[in-house]
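Q: Whenever a hint applies, use it, and build me the whole structure from the sequences.
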Amino acid sequence: MVVETVKAAPRAAEDPPPRPRRRRLSGPRLTPYLLVLPAVLLELLVHFGPMLVGVWMSFRKLTQFFISNWSQAPSAGLANYRLALDFDGPLGKSLLHSFQVTILYTIAVVLISWVVGASAALVLQRSFRGRGLLRTLFLVPYAMPIYAGIMTWSFMFQRDNGLVNHVQKSLGLGDGQSFWLVGNNAFFSMAIVAIWRCWPFAFLMLLAGLQNIPDEVYDAASVDGAGVWKQIRYITLPYLRPVNVVLILMLFLWNFNDFNTPFVLFGPTPPKSADLISLHIYGNSFVSWNFGFGAAMSVLLLLFLLVVTGLYLFLTSRRSRRA
Amino acid sequence: MRDPLSFRIFRWVVITVVGLFTAIPLYVLLTTSLKPLSDVQGKFEWWPSHMTLRPFVDIWSTVPLGRYFANSLIVCVTATFFSVLIAIFAAYAVSRYRFRGRRLFSGAVLSTQMFPGILFLLPLFLVFVNIDKTLGSTVFYQTRVGLIVMYMTFTLPFAIWMLASYLDGIPKDLDEAARVDGCNAMGALFRVVLPAARPGVIAVAVYAFMTAWGEILFASQMTNDTTRTLSIGLQSYSTQINVYWNQVMAAALVVSVPVVIAFLLLQRYMVAGLTAGAVK
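Order-wise, the sequence lines are chains A and B. All residue numbers for the first sequence refer to my numbering, where the first residue is 1 and numbers rise by one. All residue numbers for the second sequence refer to my numbering, where the first residue is 1 and numbers rise by one.
Some clues are possibly wrong.
If the Cβ cut is set under 10 Å, some of the chain B residues that face chain A in the computed set are [claimed, not checked]:
1. Phe21
2. Leu34
3. Ala90
4. Arg96
5. Ala108
6. Pro116
7. Met210
8. Ile261
9. Leu274
Pairs of lysine to aspartate or glutamate residues, derived as DMTMM-like cross-links and limited to a Cα-Cα distance of at most 20 Å, are as follows [said to hold, decoys possible]:
10. Lys230(A) x Asp3(B)
11. Lys230(A) x Glu216(A)
12. Lys169(A) x Glu45(B)
13. Lys169(A) x Asp39(B)
14. Lys43(B) x Asp160(A)
15. Lys43(B) x Asp175(A)
To be clear about the criterion: a stretch of chain A counts as covered by chain B if any three or more of its residues have a C-beta under 8 Å from a C-beta of chain B, and this derived list gives those stretches [as the list claims (entries may be wrong)]:
16. 53–60
17. 92–103
Read the hints as simulated data drawn from the structure, not as lab findings. Cβ coordinates follow ideal geometry from the N, Cα and C atoms, glycine included.
A: Now the structure itself:
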């Protein structure tokens, strides 16, 4: 996915007021259910069923001995959760660390991607020569398959033959022998790659939002003597609010669950500074084959995301109601 | 009216910084794919001093790239087709019918987008392995069928949401007229509504295809050597001794170009679909 994305627009809120039912359109009452049936079946099969299995797994001692006969795995009670939340123990400590890294990473990537995307959208909304070409260029990182972009960056970060060290040396900023993909540098390298991949999506969404602002509003403002900056501050940004609510939530969830960037850059065992939570769970499950513990961490992750998303939607909808 | 100086400076800075940030990796990708291995292993150089097309020939024999390509193509085209088809039905129901459970359906489908992929990977792994064991043959685990089923559902929620918003923008009088003319629900959907919603359908299809084409997490665990897709296959250009960076870049270019061109050609539909979805 690209876009392991999210949409949480409360569609039902816009239901039209009840109106006299017209026989012609209502048709057999069964029709809508038949129409959603395939989607429901698939979602049950691949999302909701496995999720329940996952919750069940998290209460079991599901180690490699029980993989082929997993329904026989002995109960673990709350042991997996206790292990994950015991921040003094080694497993809990590394989970907490991974969680902190993920939070930091998500905030940095979302913030910078939004700023870059919004700046580019504002600039490209006004016509000038070369606009079409730039617009095309800016969308390429988003259109490329994820791994192709990340591999390119991985090559640029190589120690001996990479561009980053080459530039660093020619600018006199160092000896050009830095490691970018190990140690603390790995975090920044990973964030840069994610921003490179992410910001064009913000750009695309915001550009779409900008096109929906009626010209008359700007015309009226400029008649009143508002310059470009005032227009951006008082017209453009408020008008973009609904887009921003959705966009920021998508970027947040997308990056928080990011697996691709560290996996392609570092493989299944990333440096400590870049140990994102998805990869952390993956490593604990498929490398050390402790599925029960991995499932418990996944469930905790899901609970966290549910709370954050719920809170976010609540806060944003309340503010827009007051406005 | 001419833009004020401050805005022109802002524009110049944004274009330069963002332009370089975006373009340099693309430039590196292109030029590295044109270098012989010996040059790639040495000091970085901006311009290939011994330009060659050799990497584009070698990529097909160093790893079974053709097979990975075929796998990706089969999986992604099939998943996209069914995902869009199922999304059309569901979106039509959500947009045109008021039925009991409609809110629950939309809410449940959308909430899956929040779930981390890793949450499903472990159970699906176990479920697929066990179904296959019960059936006595490999149907889901490490097969293309398993990947297709998964990729369909990954894109489904966003596809339903985007399409339903799009259909909301198409006047209901259109379906009613079709009904008057003797169409049933399916007839109205396929003959009248869908042609009008073509930009939305294209946007959803592009999105579904791109998502599947770039998926890594499930492809890494749920494929074997014969069913491997490009996203994992491309990582096999490194051996114990060497990383064939020039071939990695050439292969990355080969798998990117068709998707990028398709996206750029269809992106105005994508923008239309996103606008319909996000702005409401």
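Q: Each hint needs a verdict: does it hold in this structure or not?
A: Going through the hints against the structure:
The beta carbon of phenylalanine 21(B) comes within 7 Å of a beta carbon in chain A, closer than 10 Å, and the hint placing it at the interface holds. Among the interface hints, the one on leucine 34(B) is violated; its C-beta lies about 14 Å from the nearest C-beta in chain A, farther than the 10 Å criterion. Annotation: alanine 90(B) was flagged as interfacial toward chain A, and the flag holds, the nearest CB pair being 4 Å apart, inside 10 Å. At about 7 Å, the closest approach between the beta carbon of arginine 96(B) and any beta carbon in chain A falls short of 10 Å, and the interface hint on this residue holds.
Because the beta carbon of alanine 108(B) sits about 7 Å from the nearest beta carbon in chain A, less than 10 Å, this interface hint is met. Satisfaction of the interface hint for proline 116(B) is found here, the shortest Cβ-Cβ separation to chain A being roughly 4 Å, below the 10 Å cut-off. With 10 Å as the threshold, the beta carbon of methionine 210(B) comes within range of chain A, its nearest partner Cβ sitting at about 6 Å, so the hint holds. The criterion of a C-beta within 10 Å of any C-beta in chain A is met by isoleucine 261(B), whose closest approach is roughly 9 Å, and the hint holds.
The interface hint given for leucine 274(B) is met, as the beta carbon of that residue sits about 5 Å from the closest beta carbon of chain A, less than 10 Å. Of the supplied pair hints, the one linking lysine 230(A) and aspartate 3(B) holds, its CA atoms being roughly 13 Å apart against a limit of 20 Å. For the given pair, lysine 230(A) sits about 16 Å from glutamate 216(A) by alpha-carbon distance, which is consistent with the 20 Å threshold. Distance restraint check for lysine 169(A) and glutamate 45(B): the Cα-Cα separation of roughly 13 Å lies within the 20 Å cut-off, and the hinted pair is therefore satisfied.
Straight-line distance between C-alpha atoms of lysine 169(A) and aspartate 39(B) comes to about 19 Å, which keeps the hinted pair within the 20 Å bound. The suggested pairing of lysine 43(B) with aspartate 160(A) holds, with an alpha-carbon distance near 7 Å, which does not exceed 20 Å. With a CA separation close to 13 Å, the supplied pair lysine 43(B) and aspartate 175(A) stays within the 20 Å bound. Note: the segment 53–60 of chain A has 3 residues with beta-carbon separation from chain B under 8 Å; the three-residue rule is met and the coverage holds.
Only when three residues or more bring their CB closer than 8 Å to a CB of chain B does the claim for the segment 92–103 of chain A stand; here the count is 0, and the claim is violated.
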